[in-house]
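So the sequence shown is numbered by this note's numbering: it starts at 1 and just counts up by one.
Among the clues, some could well be false.
[Stated by the list, open to error] Estimated spans, in silico, between C-beta atoms of each pair:
id	residue 1	residue 2	range
1	K76	Q123	26 to 36 Å
2	S97	L9	50 to 60 Å
3	P139	S86	22 to 32 Å
4	G14	P95	49 to 59 Å
5	S144	P118	18 to 28 Å
[Claimed, not checked] In silico DSSO-like links for lysine-lysine, alpha-carbon gap of 27 Å or less:
id	residue 1	residue 2
6	K107	K76
7	K131	K76
8	K148	K76
9	K107	K131
Read the hints as simulated data drawn from the structure, not as lab findings.
Each residue gets a CB set at the ideal place from its N, CA and C atoms; glycine is no exception.
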Amino acid sequence: MKLSRQFALLACLGLAAGGVALSNANGYGFVSAAYAKNGGNGGNGGGNGHSSSEHDASADAHDKTEPEDGGSNTGKLGALNAAHASARARARANPNSAVGKIAAYEKSREAALAIQDPVAQEQALDAAELKLAADFGRPALPESEISKVNALLDARR
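Based on the provided sequences and hints, a complete structural model is requested.
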């Protein structure tokens, strides 16, 4: 009987030690880790801090860093913001992704710009722009958006 009691004690200790070890293996296990209050940073702020600008005497100073045009155009381009991707990202992108569709447009545009005949070149550019619009589920793109996409692509070669 003494042997079975020792075996049971050893088994319990082994399971307890194993549970502690498993709880620390990338967060998986039967026993969860204990975290300190407020994220474990040891501070008393609890995420309830306030920025110093809330107490600033001059309220008009907040708008001084805005660009002249009223902000960036990232919200206006929507999915066409994929044109911000690097040349390497465009080269490796999935053709069905937004970056891949921009990359396909870039290739079509470069091929169109290589055409010597001005009429054929304009037709090829129009076809590339219509394909880009269709790829993003739109009937057409405004010239301003096409210009921004082209500028982003030219800047990230």
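*S97 and L9, beta-carbon distance inside 50 to 60 Å?*
holds (58 Å)
*For the pair supplied as a hint, K107 and K131, confirm whether the alpha-carbon distance does not exceed 27 Å.*
Holds - the C-alpha atoms of K131 and K107 are around 12 Å apart, at most 27 Å.
*Measure nothing beyond the straight line between the CA atoms of K131 and K76; if it is 27 Å or shorter, mark the hint as holding.*
holds (20 Å)
*At the C-beta level, are K76 and Q123 separated by a distance inside 26 to 36 Å?*
holds (28 Å)
*With respect to the beta-carbon atoms only, verify the hint that P139 and S86 lie 22 to 32 Å apart.*
holds (30 Å)
*Can you let me know if the beta-carbon spacing of G14 and P95 is within 49 to 59 Å?*
Given about 54 Å between the Cβ atoms, the range holds.
_Satisfaction of hint between K76 and K148, Cα-Cα up to 27 Å_ = OK: K148 and K76 at ~11 Å, within 27 Å.
*asked:* Need the status of pair K107, K76: alpha-carbon distance at most 27 Å?
replied: holds (24 Å)
*Per the hint of 18 to 28 Å, is the separation of the Cβ atoms of S144 and P118 within bounds?*
holds (23 Å)
Comparing the model with each numbered hint stated earlier shows that all of them hold.
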